[in-house]
Amino acid sequence: DAKTTQPNSMESNEEEPVHLPCNHSTISGTDYIHWYRQLPSQGPEYVIHGLTSNVNNRMASLAIAEDRKSSTLILHRATLRDAAVYYCILRDVYNNNDMRFGAGTRLTVKP
Amino acid sequence: DTAVSQTPKYLVTQMGNDKSIKCEQNLGHDTMYWYKQDSKKFLKIMFSYNNKELIINETVPNRFSPKSPDKAHLNLHINSLELGDSAVYFCASSPGSIVGNTIYFGEGSWLTVV
Numbered sequence: 005d006a007k008t009t010q011p012n013s014m015e016s017n018e019e020e021p022v023h024l025p026c027n028h029s030t031i032s033g034t035d036y037i038h039w040y041r042q043l044p045s046q047g048p049e050y051v052i053h054g055l056t057s058n059v060n061n062r063m064a065s066l067a068i069a070e071d072r073k074s075s076t077l078i079l080h081r082a083t084l085r086d087a088a089v090y091y092c093i094l095r096d097v098y099n100n101n102d103m104r105f106g107a108g109t110r111l112t113v114k115p
Numbered sequence: 522d523t524a525v526s527q528t529p530k531y532l533v534t535q536m537g538n539d540k541s542i543k544c545e546q547n548l549g550h551d552t553m554y555w556y557k558q559d560s561k562k563f564l565k566i567m568f569s570y571n572n573k574e575l576i577i578n579e580t581v582p583n584r585f586s587p588k589s590p591d592k593a594h595l596n597l598h599i600n601s602l603e604l605g606d607s608a609v610y611f612c613a614s615s616p617g618s619i620v621g622n623t624i625y626f627g628e629g630s631w632l633t634v635v
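Chains as they are written, first to last, in this note's numbering: chain A, 5 to 115; chain B, 522 to 635.
These are computed hints drawn from the structure, not numbers from a lab. Hints may be right or wrong, so weigh each one.
Quick partial rundown of chain A residues pointing at chain B, CB under 7 Å, derived from the structure [stated by the list, open to error]:
no., residue
1, Tyr50
2, Gly54
3, Met103
4, Arg104
5, Phe105
None of the values given here were measured: they were computed from a predicted structure. All residues carry an ideal CB built from backbone N, CA and C; glycine is no exception.
Please take these sequences and the hints and turn them into a complete structure.
Spelled out as structure tokens, the structure:
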């Protein structure tokens, strides 16, 4: 399985942007980059995904390096509710019934 | 309406018992999953079903048996419960399309074996 590497933890101040990095140097051409997050005592929830181009949605932006070996999840204005574990996951487009989580990045947001 | 619902939310039981966790999704999805999150917070996939057919079966003890009576349900039966089975179990579902396949998770079932 292709793997991702993320920092164990990050801190941010409320209402400031947050950049969560992810390295995936062994990514294959058919891997999509997905981000999920898990709020305390809840199930994981989808944040964003992309293949090659940068992506924006109402929750976040995803910036993908040109060589696709790394990506960054951007929260434009962190709120206390964004405190969660963020997971960067590679999903093969031809094996879409499989999604495996790494350790993720625990984001703490300070008021 | 809860998209993926699991019951019970909390379950405390003794070693050696047999228990079930039920899962239902009302999203019309083709694929359903069970994940286990242990005390170290690692989320591991256990099973994946597509249209009631087993697709993924990780190295899970055969005391764990998923059962999918129809596309909207995937129940998890656990026989002869052990202390190490204590964890949070998450059910999830996703549509069968290939691209942009978002997985929706339930709120989890907290299992404690004493």
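Each hint tested on the structure:
For Tyr50 (chain A), the suggested interface contact is upheld, since its CB lies about 5 Å from the closest CB of chain B, less than 7 Å. With its C-beta approaching chain B no nearer than about 10 Å, Gly54 (chain A) sits outside the 7 Å limit, and its interface hint is violated. Hint status for Met103 (chain A) relative to chain B: holds, with the closest Cβ pair at about 6 Å, below 7 Å. The interface hint given for Arg104 (chain A) is met, as the beta carbon of that residue sits about 6 Å from the closest beta carbon of chain B, less than 7 Å.
With 7 Å as the threshold, the beta carbon of Phe105 (chain A) comes within range of chain B, its nearest partner Cβ sitting at about 4 Å, so the hint holds.
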